[in-house]
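Student: So the chains spell out like this:
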Amino acid sequence: MLQYLIEKEFKQTFRNAFIPKLILAFPFMVLLVFPWATNQEIKNINVTVIDRDHSSWSKRLSEKLGASTYFNLVNYVNSNDEGMAVFEDGKTDMLLEIQPDFEKNLMNAGAADVMISANAVNIMKGGLGSGYMNAIVQDFANEIRAERIQTSGKTELPLIQVISQGRFNIFLDYKVFMIPALIVILMTLLCGFLPALNIVSEKEIGTIEQINVTPVKKISFILGKLIPYWTIGLFVFTLTLGLAALIYGLVPKGNLLTIYLSVLIYISTVSGLGLVISNYSSTLQQAMFVIFFFLIIFILISGLFTPIASMPQWAQIFTYFNPLRYFIEIMRMTFLKGSGFSDIWRQLAALGVWALALNGWALMSYRKRR
Amino acid sequence: MQKKNNPPFSILNSPFSIIKVENLTKRFGTFAAVDRITFSVGKGEIFGFLGANGAGKTTAIRMLCGLSKPTSGEGFVAGYNIEKQSEMVKKNIGYMSQKFSLYEDLKVWENIRLFAGIYGLDGKLISRKTDETLKKIGLMNEKNTLVKELPLGWKQKLAFSVAIFHEPKIVFLDEPTGGVDPITRRQFWEMIYEAAEKGITIFVTTHYMDEAEYCNRVSIMVDGRIDALDTPKQLKAQFQVESMDEVFRQLARNAKRVEN
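Which chain is which? The protein sequence lines are A and B, in order.
So in the numbering used here, spot 274 of the first sequence is number 274, and the numbers just go up one at a time.
Start counting at 1 in the second sequence, then tack on 1000, and there's your number in the numbering used here.
Only chain A is shown next, with the shape it has when bound in the complex (with noise of 0.2 Å):
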């Protein structure tokens, strides 16, 4: 029987116009553009420099500050109100103003003022680039400090220089990140979201109806609908793994059964989610609805963008509902750090029991009669 409601499955998803074309556009999409659109990192920050010191001192750091690649030295002005009107006018993201004096001072005591203003609209630019040029500004005055020793000869307090480095994804390269976690967004719709809008178009159609008056068992319909999606969610998958290792060189560090077991586990997962819903939705609008508001706050609370760990109490708990979550970790802890089963079995431990929970619940309501 099941054998018969899967071939009907596959016929109907390659015959529509759109859907194969898009199952295979979407990984595409996730690895050619997504890496590159959901880069945080900040570059290109707009800076104008005040230099009201017009040293050679000055000089120097505004040169510094224009050879990082993560300022543009705009303007170059003289004065305070010539620096908030170019500010005002969007033309700069930061000023960097440089006190009158400034050589003196660094020469005379030791030590000189700047002052970095950003603009905080983008809050994410104008922290980055607050810290971005403390950093620069830092390293001017470490070099300062450096050159002073060795014309003076004095022996001033030694320098504690800290060296970072990024384990596990060493050039800290933001697309590496993020691709095993988008991974978990084109499982999420494939598998989750797709057979569950494809059941509620049957039940807009009619056609659920002349199924339901059928001795058909509600698992095998269950089943008919989930194993083509899941293949074809597997078949995603491989390709995404392949392509990512064609053109960034990212293969997975960790075993490939031990991602291959998750992947099922956590398709498994959002299909009972995508059952329960579609069990409960009468029409594609409100499908579609429901899943809009799921998947918006579980890519939001997943960790995806923002660190769980900097969220606040309360909202980490919520974390805990939400299957995404635990993949998305599962995903980059096996893909960077090739973490195995003992690594990730707390995770895999909560999307199983999700996993019954959904598909329990999914079981339960669906009703082949009213």
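Treat each hint with caution, since some may be false.
Stated by the list, open to error - Think about it this way: if two alpha-carbon atoms lie no more than 25 Å apart in a straight line, the pair counts; the simulated SDA-like pairs of lysine to any residue are:
| hint | chain 1 | residue 1 | chain 2 | residue 2 |
| --- | --- | --- | --- | --- |
| 1 | B | Lys-1143 | A | Thr-13 |
| 2 | B | Lys-1084 | A | Arg-369 |
| 3 | A | Lys-11 | B | Phe-1076 |
| 4 | B | Lys-1084 | A | Met-1 |
| 5 | A | Lys-368 | B | Tyr-1119 |
| 6 | A | Lys-368 | B | Lys-1143 |
| 7 | B | Lys-1107 | A | Leu-363 |
| 8 | B | Lys-1155 | A | Arg-15 |
| 9 | B | Lys-1099 | A | Thr-306 |
| 10 | A | Lys-368 | B | Leu-1134 |
| 11 | B | Lys-1099 | A | Thr-13 |
| 12 | B | Lys-1107 | A | Glu-209 |
| 13 | B | Lys-1136 | B | Ile-1126 |
| 14 | B | Lys-1107 | A | Ala-357 |
| 15 | B | Lys-1084 | B | Glu-1104 |
| 16 | A | Lys-175 | A | Ser-130 |
| 17 | A | Lys-218 | A | Thr-231 |
| 18 | A | Lys-21 | B | Gly-1120 |
| 19 | B | Lys-1155 | A | Ile-211 |
| 20 | B | Lys-1091 | A | Ile-219 |
| 21 | B | Lys-1169 | B | Gly-1029 |
| 22 | B | Lys-1135 | B | Leu-1150 |
| 23 | B | Lys-1084 | A | Arg-367 |
| 24 | B | Lys-1099 | A | Ile-6 |
| 25 | B | Lys-1043 | B | Lys-1143 |
| 26 | A | Lys-203 | B | Ala-1237 |
| 27 | B | Lys-1169 | A | Pro-215 |
| 28 | B | Lys-1107 | A | Phe-18 |
| 29 | B | Lys-1043 | A | Ile-6 |
| 30 | A | Lys-217 | B | Tyr-1080 |
| 31 | A | Lys-217 | B | Ala-1078 |
| 32 | A | Lys-203 | B | Gly-1029 |
| 33 | B | Lys-1091 | A | Leu-363 |
| 34 | A | Lys-11 | B | Leu-1152 |
| 35 | A | Lys-368 | B | Leu-1150 |
| 36 | A | Lys-59 | A | Glu-103 |
Said to hold, decoys possible - Stretch by stretch, here's where chain A covers chain B in the computed footprint (C-beta under 8 Å, at least three residues):
| hint | stretch |
| --- | --- |
| 37 | 1047-1061 |
| 38 | 1117-1126 |
| 39 | 1224-1233 |
These aren't lab readings, by the way, just hints derived from the structure by calculation.
All C-beta atoms, glycine included, are put in the ideal place defined by N, C-alpha and C.
Fit chain B to the given chain A structure using the hints.
Tutor: Frame of chain A, contents of chain B only:
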């Protein structure tokens, strides 16, 4: 179509009632869509289930087919309790709704294969019987056509063939001939007669009174109740009119429900 003589049917002639219903009721809130109906249908009978729009026919059929739970009352279809054994009922019936829900994006043979497969028929048997059926209804050339490309009348024929493909004991037809021309309707009724001759009990709703004349017995629903049930001939005699059309009008005149 050659004129068929429909012999007066009596439950007594047929010792085996295949559908038995007593006080069957379906309420939606306080509204009784089906209000304590009681009747039985004999094996092999062509049973017409008439009523104005909104009289409760479809709701009643859906209960008999196990698509809807009765609020109260009892019913047996093919010997199984419609409330407690609805899945057993489903094994023994065929159903064709007003929407005759074939899959529009599947081909003719694929629709037959799907539903026959769901009823547990063997793959080889399905392919052999598919050709036989399609030849019989004159759709052999359309075997590989998508259902959405078929004209309405052909879809109806196909839907009926699908509904009886697994040789059920009873087939429920809910307004099977809506929206097609008289010739197509006659052809459709020839198919119904043929199925009845094979021993399949036909339970059919219709708005066409000429079709009512083809039935062995006819029930007429008004406001959720069955107000009349007999052979077309005796109904006409009872109401002292010439046609089923007039019988229907006399009964429907008393309806209080407004068509929605």
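Student: State for each hint whether it applies.
Tutor: Checked hints:
no.	hint	verdict
1	Lys-1143/B with Thr-13/A	holds (20 Å)
2	Lys-1084/B with Arg-369/A	holds (12 Å)
3	Lys-11/A with Phe-1076/B	violated (38 Å)
4	Lys-1084/B with Met-1/A	holds (23 Å)
5	Lys-368/A with Tyr-1119/B	holds (16 Å)
6	Lys-368/A with Lys-1143/B	violated (30 Å)
7	Lys-1107/B with Leu-363/A	violated (30 Å)
8	Lys-1155/B with Arg-15/A	holds (20 Å)
9	Lys-1099/B with Thr-306/A	violated (50 Å)
10	Lys-368/A with Leu-1134/B	violated (30 Å)
11	Lys-1099/B with Thr-13/A	holds (22 Å)
12	Lys-1107/B with Glu-209/A	holds (19 Å)
13	Lys-1136/B with Ile-1126/B	holds (15 Å)
14	Lys-1107/B with Ala-357/A	violated (38 Å)
15	Lys-1084/B with Glu-1104/B	violated (33 Å)
16	Lys-175/A with Ser-130/A	holds (24 Å)
17	Lys-218/A with Thr-231/A	holds (20 Å)
18	Lys-21/A with Gly-1120/B	violated (34 Å)
19	Lys-1155/B with Ile-211/A	holds (17 Å)
20	Lys-1091/B with Ile-219/A	holds (17 Å)
21	Lys-1169/B with Gly-1029/B	violated (34 Å)
22	Lys-1135/B with Leu-1150/B	holds (16 Å)
23	Lys-1084/B with Arg-367/A	holds (14 Å)
24	Lys-1099/B with Ile-6/A	holds (24 Å)
25	Lys-1043/B with Lys-1143/B	violated (33 Å)
26	Lys-203/A with Ala-1237/B	violated (45 Å)
27	Lys-1169/B with Pro-215/A	holds (14 Å)
28	Lys-1107/B with Phe-18/A	holds (19 Å)
29	Lys-1043/B with Ile-6/A	violated (36 Å)
30	Lys-217/A with Tyr-1080/B	holds (18 Å)
31	Lys-217/A with Ala-1078/B	holds (20 Å)
32	Lys-203/A with Gly-1029/B	holds (23 Å)
33	Lys-1091/B with Leu-363/A	holds (21 Å)
34	Lys-11/A with Leu-1152/B	holds (23 Å)
35	Lys-368/A with Leu-1150/B	violated (29 Å)
36	Lys-59/A with Glu-103/A	holds (10 Å)
37	1047-1061	violated (count 0)
38	1117-1126	holds (count 4)
39	1224-1233	violated (count 0)
Comparing the model with each numbered hint stated earlier shows that hints 3, 6, 7, 9, 10, 14, 15, 18, 21, 25, 26, 29, 35, 37, 39 do not hold.
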